[in-house]
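*Asks:* Read off the chains here:
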Amino acid sequence: MPNDTGPNFQQNASRALNDKQLRKNFKFAMGNFILKRKQIFSDESKTEQLRQIGNDIKRRALSQLPQLLEQLEEKCTQNGIQVHWAETLSEANQHVLRIMQTHRATRLVKGKSMVSEEMGLNDFLQKKGIEARETDLGEFIIQLNNEKPSHIIVPAIHKNKKQIAQIFHEKLSDTPYTEDVEELNAIARETLRKKFFDAQVGLSGVNFAVAETGTLCLIENEGNGRMSTTVPPVHIAVMGLEKVVEKLADVPPLLRLLTGSATGQLITTYVNMITSPRKDGERDGPREVHLIILDNGRSKILSDPQLRQTLQCIRCGTCLNHCPVYTRIGGHAYGFVYPGPIGKILNPQIEGLKKAGELATASSLCEACAEVCPVKIPIPQLLRRLRNESYASDSFSTVKDSGYKKNLIETIAWKSWEMMNTHPLINTIGQKIMSRLGAQIPKIGPLKQWTRHRTAPKFASKSLHQLIDEEGIQDE
Amino acid sequence: MSHDPQKPEKVYYFGTCLMDTIYPEAGLAGLKLIQHEGVQVIFPREQSCCGQPAYNSGFPKEARKVALTQVRLFTENYPIVVPSGSCAAMMKHHYPLLFAGDANLELIQQFSKRIVELSEFLVRTLKIKMEDRGQPIKVTWHSSCHALREMHIIEYSKSLIRQLQNVELIELQNEHECCGFGGTFAIKQPNISGAMVSDKVADAQQTGAERLLAGDCGCLMNISGAMDYQKVPVRSQHLAEFIWERTHAK
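Chain order of the listed sequences is A and B. First residue of the first sequence? That's 15 in my numbering, and the numbers climb one at a time after it. First residue of the second sequence? That's 13 in my numbering, and the numbers climb one at a time after it.
Looking at chain A on its own, in the form it has when it is part of the complex (with noise of 0.2 angstroms):
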């Protein structure tokens, strides 16, 4: 986890820059994604159109959302489900604690959910003697290797065939190495089997939780999710307090927008649309069911009218696959449970800008991510919001930290190039002074950084000015 000032962004970002292994890794199955994507919405202004609606569900949803949670929590609990708040981490992990307590109960097995990463809740349970099982296969493997997800969809992705095969033949008792697929499957598939008929408690997220029914949906392509929230007798579901929507009929274009996005599947294997616990007479499905909705700053996020739009994520992570800084860095290097483009936005404001603000240099604001995002959050903007906010404190700042970069030399610099370039005769003897000096400009500050990988920019002996005076260009 990170320390007080957070993780060493560029050093972790420059270790996986030189690891191949990791970059061919994350080059090849970022292109596949991309392509898949592509396949799935060919038909442009289709796909533009079914954005704009999701962006227009999740807006509505926001603009009223402590009512919808208020509905949703009433419509839950009509329909026998235990509605649990947590404004902290903590509060949300002690939840789960007093439940599994509750049962006596010692084994846990988890559906994929970035909520309960974001809690650090397998640390948190480990440490009360509980043990919490990954059951997505992705984030089976990386719990073997005790490594964190590297993508928020697929937690595994910047393992190759090779490396699964000797992790499971390093951890797992009695298994021989072997890469077949089909093999590693069926070894991950025969261990977890037995974890799933063991456990007391399962755990999962939530991709939507619908107020005006009180439905809590899952979707998922292993059918663990499935697994997990029917076998065990108890089922808790963890979600962020923005996963409300407000009606059923909003769960169809976020559905279509979600998987085409992530995995560029019309729909997943399995869908899972929770209301109830087991109800008299049914023969399966868990005795209880418990949501636990939580908090951790996304309040304070949706009091800013710009910000908020950070809350309409649906967690598809397309903007990692198509972020060219997260395909060559991988998702470790940004040292929060949320990388990508998503998580340059969302730790910064969730962990505060002293321990997260790097983050938000570390785009070309290329756009690459805005263009693909189903609900249209304005990523490069809400970076250039953070940036700004990351050096001044005076504006009606709702950002932890705000200001907290403010420093005498760059304030200096951009007071000096905002002279430069709203005085003109400052401006051309400075454009004369540069082309003099030309190669003989000392290679220190950002010239340093830049001539790393290049060589210097050269400065021209006749600026565009002069050459357009001597060709007698009209003025004004």
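Take the hints with a grain of salt, since some may be wrong.
[Stated by the list, open to error] Simulated restraints, written as ranges between beta carbons of each label pair: (1) B:187 / A:137: 51 to 61 angstroms; (2) B:125 / A:320: 47 to 57 angstroms; (3) A:318 / B:21: 16 to 26 angstroms; (4) A:88 / B:115: 40 to 50 angstroms; (5) B:171 / A:88: 54 to 64 angstroms.
Hints listed in this document are in silico derivations from the structure and should not be mistaken for laboratory results. The beta carbon of each residue, even a glycine, is placed where N, CA and C say it ideally should be.
Following the hints, put chain B in place on chain A, whose structure we already have.
*Replies:* Chain B only, in chain A's frame:
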């Protein structure tokens, strides 16, 4: 798609700060291409920079001052031609955001509406027809992110290249991927930016083209700097300068 605009009598030209200092020949070539089609070009002398460097780096106040200085120089209702997708996007799409809630917003909006990128202006408004006088050459093309995703003008740029009979355009494998420039991004995250530009250089090399063309001087400065550094024998050039040279060979 809306109707193509009428050919105007006069246009303003915004030369961009990078053209002014590093690529003045490219800036002049763009201007001459317009003049050659019989349109009078006005270059307000006090212009400098669109303000994007500060806007993207966390200094919006400074960006606003520089932006407003430019806006006040382009007073007549002529189109403003910008030979850069990125600066054009800044002035067309980002100025109204930068000045949201500002007393000058209306003035800004009037200005932003008139911004047009050079390729689009040459193709749609001037319907330029060119005769290639150059030797056969293989070139490749780099799409700048803002020209591609904010101005949507890449097809105009490429159609200009395709008009030149002796020029063979070989496309990059990852044409839509950023070259890693990103203004101060190249300074703040030098290694990530360096990895991105190295991949772009390798992509350009595998095309076998002898020249890489682009419509943005930021990308050009980045890519050509990396090519020089790696001693890669591919020359890079702004599209406007390339076209002018080939259609007005000495």
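*Asks:* Now tell me if each hint is right for this structure.
*Replies:* Going down the list of hints, with the structure as the test:
Between residue 187 (chain B) and residue 137 (chain A), the C-beta spacing of about 44 angstroms breaks the proposed range 51 to 61 angstroms. Between residue 125 (chain B) and residue 320 (chain A) the CB atoms are about 24 angstroms apart, so this pair departs from the stated range of 47 to 57 angstroms. A hinted range of 16 to 26 angstroms is violated for the C-beta pair residue 318 (chain A) and residue 21 (chain B), which are about 47 angstroms apart. Taking the beta carbon of each, residue 88 (chain A) and residue 115 (chain B) are about 47 angstroms apart, inside 40 to 50 angstroms as hinted.
Remark: the range hint 54 to 64 angstroms for residue 171 (chain B) to residue 88 (chain A) is upheld by a beta-carbon distance near 59 angstroms.
Consistency with the previously given hints fails for numbers 1, 2, 3, ordered from lowest to highest.
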